[in-house]
Amino acid sequence: AQKITQTQPGMFVQEKEAVTLDCTYDTSDQSYGLFWYKQPSSGEMIFLIYQGSYDEQNATEGRYSLNFQKARKSANLVISASQLGDSAMYFCAMREGLWSGGSNYKLTFGKGTLLTVNP
Amino acid sequence: DSGVTQTPKHLITATGQRVTLRCSPRSGDLSVYWYQQSLDQGLQFLIQYYNGEERAKGNILERFSAQQFPDLHSELNLSSLELGDSALYFCASSYRTSGPQGQFFGPGTRLTVL
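So the sequences go chain by chain: Y and W. Counting with the working numbering, you get residues 1 to 119 for the letters of the first sequence. Counting with the working numbering, you get residues 1001 to 1114 for the letters of the second sequence.
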């Protein structure tokens, strides 16, 4: 089974509107972290936002917020007031486990959602 | 700019050849991760080093190897290259725990095997 599922291969949004990108995850760990990254056409991976499994409040970073629903194992990214520069591929990722002096902190990525912002 | 540097940005080579990709982590970061991004496999974790020691292996082929040096820079060596090794190779770094800051990715090295 996939650990990170992004069901929307592509999404379109009008400039200045809000958009939600879906992400569901699968883990048996109690401690984990969820991340969103943006990959523009230039190729770099840009870290956007992080949510820890024990965080009670939804994470926010400027126009980005993470709608974390632990019981449903979902971690949707909400982008408010979309801008043309938001057009990019967006990846949801998960890190499982607790830090214990060097344990594996690899990220498992979903397949991504290509967001297009229309003027 | 994430603070992670990777060289070269682009690499074109032939099947059967060997190449070395280089990564310098952010200042102070002890962990280095290598990822491969291809159209068919998506983003996949290859290997992690922490303060010079290998910590975890993912879907890394036996033809691939890596190391982290005392100055914490890392190199990914790809040998006996095949057409299917063409991909974007990312290096990422973090201090100890990935915590709220996540892993910071370099700009990537785009490898084309002809």
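By construction, these hints were calculated from the structure, which means they are not laboratory data. On a predicted model such as this, the values are computed, not experimentally measured, just so you know. A virtual CB, placed ideally from N, CA and C, is assigned to each residue, including glycine. It cannot be assumed that every hint is accurate.
Sample of chain W residues with no beta-carbon within 12 Å of chain Y, all distances over it, derived [stated by the list, open to error]:
1) Thr1007
2) Ile1012
3) Gln1037
4) Leu1046
5) Glu1062
6) Arg1063
7) Phe1069
8) Glu1082
9) Ser1094
Below, computed lysine-lysine pairings styled on DSS-like, alpha-carbon distance capped at 30 Å [claimed, not checked]:
10) Y:Lys111 with Y:Lys16
11) W:Lys1009 with Y:Lys111
12) W:Lys1009 with Y:Lys73
13) W:Lys1057 with Y:Lys111
14) Y:Lys73 with Y:Lys16
15) W:Lys1057 with Y:Lys73
16) W:Lys1057 with Y:Lys70
17) Y:Lys70 with Y:Lys111
Right, here's what the structure says about each hint:
1. Thr1007: It holds; Thr1007 of chain W is separated from chain Y by about 15 Å at its closest Cβ, greater than 12 Å.
2. Ile1012: At roughly 16 Å from the nearest Cβ of chain Y, Ile1012 of chain W sits farther out than 12 Å, so the non-interface label holds.
3. Gln1037: It is violated; Gln1037 of chain W is separated from chain Y by about 9 Å at its closest Cβ, not greater than 12 Å.
4. Leu1046: Given a closest Cβ separation of 9 Å, the condition is violated.
5. Glu1062: holds (19 Å)
6. Arg1063: holds (20 Å)
7. Phe1069: Fine: 17 Å to the nearest Cβ keeps Phe1069 of chain W off the interface.
8. Glu1082: Nearest chain Y Cβ is 22 Å from Glu1082 of chain W, so the label holds.
9. Ser1094: Given a closest Cβ separation of 7 Å, the condition is violated.
10. Y:Lys111 with Y:Lys16: holds (26 Å)
11. W:Lys1009 with Y:Lys111: At roughly 23 Å apart (the allowed maximum being 30 Å), Lys111 of chain Y and Lys1009 of chain W satisfy the hint.
12. W:Lys1009 with Y:Lys73: violated (37 Å)
13. W:Lys1057 with Y:Lys111: holds (21 Å)
14. Y:Lys73 with Y:Lys16: holds (29 Å)
15. W:Lys1057 with Y:Lys73: Holds, at about 26 Å.
16. W:Lys1057 with Y:Lys70: holds (28 Å)
17. Y:Lys70 with Y:Lys111: Holds. Lys70 of chain Y to Lys111 of chain Y sits at ~21 Å (cutoff 30 Å).
Going down the numbered hints, you'll see the structure goes against 3, 4, 9, 12, while the others check out.
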